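Asker: Sequence:
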Amino acid sequence: MSTAPLRNIELRTTSPSNNNNNTTITTTSNDNENNDPGLTSTPIDNDGPVTTLPIASNNNNITSSETPNNNNNATTSSTKPTTSSSSGKRSRSSSAKTDSYEMTPDMKEEYKRAFEALDDDKKWCLADGTRVEDVIYAYGAKCDYEQIILSSLAHSFILDTGDKCWESVFTSSQLKEIKSTDKKALCEYDESIKNMFSELTNVIKDAYNRKLLSSSTATTTTTAISTTTTEEEEQDLLDELWERITKSGYINPCKAYDLYWLQNTMVDILHLYRFRVLEWVSKNGSEMDFVNRVWSMLDKVFDGIMIETRRDNGSVATTFIDNQERSVTGMTAIAAKSPSIRPDLVLYKNGVEYRVAECGKGDNEGTGKKEIVETNLHCPKVMKSMLLHAASKCDNDKGVTRALRIIGFTHFDLRMKVLVMDNPNGYVCRIRSTPQYEISTIPSHMSSGLFPILKLTLKSKLTVQSSIKTVHDYLILEKNNEPDVEYIMDENRERLVLPRLQKSPNKKLKTSV
Numbered sequence: 001m002s003t004a005p006l007r008n009i010e011l012r013t014t015s016p017s018n019n020n021n022n023t024t025i026t027t028t029s030n031d032n033e034n035n036d037p038g039l040t041s042t043p044i045d046n047d048g049p050v051t052t053l054p055i056a057s058n059n060n061n062i063t064s065s066e067t068p069n070n071n072n073n074a075t076t077s078s079t080k081p082t083t084s085s086s087s088g089k090r091s092r093s094s095s096a097k098t099d100s101y102e103m104t105p106d107m108k109e110e111y112k113r114a115f116e117a118l119d120d121d122k123k124w125c126l127a128d129g130t131r132v133e134d135v136i137y138a139y140g141a142k143c144d145y146e147q148i149i150l151s152s153l154a155h156s157f158i159l160d161t162g163d164k165c166w167e168s169v170f171t172s173s174q175l176k177e178i179k180s181t182d183k184k185a186l187c188e189y190d191e192s193i194k195n196m197f198s199e200l201t202n203v204i205k206d207a208y209n210r211k212l213l214s215s216s217t218a219t220t221t222t223t224a225i226s227t228t229t230t231e232e233e234e235q236d237l238l239d240e241l242w243e244r245i246t247k248s249g250y251i252n253p254c255k256a257y258d259l260y261w262l263q264n265t266m267v268d269i270l271h272l273y274r275f276r277v278l279e280w281v282s283k284n285g286s287e288m289d290f291v292n293r294v295w296s297m298l299d300k301v302f303d304g305i306m307i308e309t310r311r312d313n314g315s316v317a318t319t320f321i322d323n324q325e326r327s328v329t330g331m332t333a334i335a336a337k338s339p340s341i342r343p344d345l346v347l348y349k350n351g352v353e354y355r356v357a358e359c360g361k362g363d364n365e366g367t368g369k370k371e372i373v374e375t376n377l378h379c380p381k382v383m384k385s386m387l388l389h390a391a392s393k394c395d396n397d398k399g400v401t402r403a404l405r406i407i408g409f410t411h412f413d414l415r416m417k418v419l420v421m422d423n424p425n426g427y428v429c430r431i432r433s434t435p436q437y438e439i440s441t442i443p444s445h446m447s448s449g450l451f452p453i454l455k456l457t458l459k460s461k462l463t464v465q466s467s468i469k470t471v472h473d474y475l476i477l478e479k480n481n482e483p484d485v486e487y488i489m490d491e492n493r494e495r496l497v498l499p500r501l502q503k504s505p506n507k508k509l510k511t512s513v
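Residue 468 in UniProt numbering is what sits at position 468 of the sequence shown, and the numbering runs on without skipping anything.
Hints were generated in silico from the structure; no laboratory data involved.
Nothing here was measured: the structure is a model prediction, and the numbers come from that model.
Just so you know, even glycine gets a beta-carbon here, dropped at the ideal spot from N, CA and C.
Please note that the accuracy of each hint is not assured.
Unchecked claim - So the derived label-pair ranges between C-beta atoms look like this:
(1) S172 / S466: 29 to 35 Å
(2) T228 / S296: 53 to 59 Å
(3) Y208 / G399: 47 to 53 Å
(4) R274 / D106: 55 to 61 Å
(5) C125 / C254: 46 to 52 Å
(6) R276 / S172: 44 to 50 Å
(7) N252 / S216: 41 to 47 Å
(8) E116 / S286: 31 to 37 Å
(9) C254 / E232: 36 to 42 Å
(10) T171 / S286: 33 to 39 Å
(11) D119 / H271: 37 to 43 Å
Claimed, not checked - Listed next, the in silico DSSO-like pairs over lysine-lysine satisfying Cα-Cα at most 27 Å (straight line):
(12) K300 / K164
(13) K123 / K205
(14) K349 / K417
(15) K108 / K164
(16) K469 / K184
(17) K361 / K459
(18) K108 / K123
(19) K142 / K179
(20) K164 / K393
(21) K469 / K398
(22) K122 / K142
(23) K393 / K247
(24) K361 / K417
(25) K417 / K469
(26) K393 / K123
(27) K349 / K469
(28) K122 / K176
(29) K194 / K398
(30) K369 / K283
(31) K247 / K417
(32) K205 / K247
(33) K183 / K112
(34) K184 / K398
(35) K459 / K179
(36) K398 / K176
Take the sequences, apply the hints, and build the full model.
Answerer: This is the structure we're talking about:
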């Protein structure tokens, strides 16, 4: 008896209703003998991975439908997407992101219910009488996709003031008021830090001025003055910066931690310049190289406030928020627990998270899809989860919610941007962003990229410290210590419960271990 030819099939395993072992499968014949299995992804549908197995085609207990696949396009069955984590992050690769999805009728209805639950008297009312929440809802209701360009973060009542979409929704005066309400976004560092940056900047300026003077003296009036520094001049500059940063000796971290961190970080960065580490990381480094050699240096600034900097760990806040409404209804089964997502970094202290960071390798041709998704959708939604969770720890006290600020860092290649989320008024979570700065591989260009990044890191640390103090003070000084049923206790305090995040349908989540 001859053996039947083997073909690749998609096998879906289901719980059998009887013992006849009949299995329904879909086979795919592959006529292209040059198909490289290393370049072909195993098809994945919304219910889980599809297993590809060889099987004989003459099995009488198998019902199959065969589809030619000359173009190597995997075919999967169409099923309704499952609702899962609020942010929809699944892995580090851009292809794994749920960055754009169609709003289902259930999702639109959930969005409508969230808006109708808002109290008109507590909405953010601008000077001209416009309610910000009403404008956001009207805009989001017209959008069929929760995609950056089409609907921003409107479905989660997050207003990113830097998103161009709002320019066609609000007037210029309205946007100005939204941006300027409670102008303070980041805390300021002290004079000792300012003086250190000033001195380092002066070292760079003095070296450049000496070069200009030397070049002008050595050239004739008909020869252009060279402004390009040589390798020897760059090494001399690194020596001068090292001498300045270490001239006061080793700084005691117990007496001036921020200055101590700045000194150590500058010494480490000078090392990266001197031995061309920044050059090879910038050209050929992986995402992990950028994290290990560059961005992890910034984490250490938070050691001074005794906070945990957790990389690639599950987020407590997103797990809490995504599963907050699980309950026994008697009408349906208890919903499955949504798994935790794993940002590249979270700042965690006493059960509360205050900062998230996302890192990635950028696109050589400009801003890539991964960068857009993580900066404009994923990171803000994680930040809102953190704000909601921190507020819930303080009984959703209105004063605490208004005072909280959650920080987001986005790192792509040697570029960095800082996001600041707060709740200045009403039910809206506002995001204000800094410009994006880039660390240059040329030492003499430190002032334009590196120094602003270090300054923003210090300001972010102090802002996180302020939010930690807000939560700490409430739990110690202002929390009602006379317990009673919630209804009675709520009468004695002013609460502010912000609308939840719009959940995202997702294919497969990257769960925490």
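Asker: With respect to the beta-carbon atoms only, verify the hint that R276 and S172 lie 44 to 50 Å apart.
Answerer: Taking Cβ atoms as reference, R276 and S172 lie about 47 Å apart, which means the hint holds.
Asker: Would you check the hint for K398 and K176, treating anything up to 27 Å between C-alpha atoms as holding?
Answerer: holds (24 Å)
Asker: Determine whether the Cβ-Cβ distance between C254 and E232 falls within the hinted range of 36 to 42 Å.
Answerer: holds (40 Å)
Asker: Between D119 and H271, is the Cβ distance one that fits in 37 to 43 Å?
Answerer: Because 56 Å falls outside the window, the suggested range is violated.
Asker: Would you mind confirming whether the straight-line C-alpha gap from K361 to K459 stays at or under 27 Å?
Answerer: holds (25 Å)
Asker: Note whether the CB distance of R274 and D106 lies within 55 to 61 Å or breaks it.
Answerer: For D106 against R274, whose Cβ atoms are near 58 Å apart, the range 55 to 61 Å holds.
Asker: Holds or violated: are the alpha carbons of K393 and K247 at most 27 Å from each other?
Answerer: violated (46 Å)
Asker: Hint check: K247 vs K417, CA-CA at most 27 Å. Holds or violated?
Answerer: violated (32 Å)
Asker: Is the Cα-Cα distance between K459 and K179 27 Å or less?
Answerer: With a Cα-Cα distance of about 19 Å, the restraint between K459 and K179 holds, given a limit of 27 Å.
Asker: Taken at face value, is the distance from the CA of K283 to the CA of K369 at most 27 Å?
Answerer: Measuring from Cα to Cα gives roughly 20 Å; hence the hint holds.
Asker: Given the hint that K108 pairs with K164, test it: the Cα-Cα distance must not exceed 27 Å.
Answerer: holds (23 Å)
Asker: Measure nothing beyond the straight line between the CA atoms of K142 and K179; if it is 27 Å or shorter, mark the hint as holding.
Answerer: holds (24 Å)
Checked against the numbered hints listed earlier, the structure breaks hints 2, 8, 10, 11, 12, 13, 20, 23, 29, 31, 33; every other hint is satisfied.
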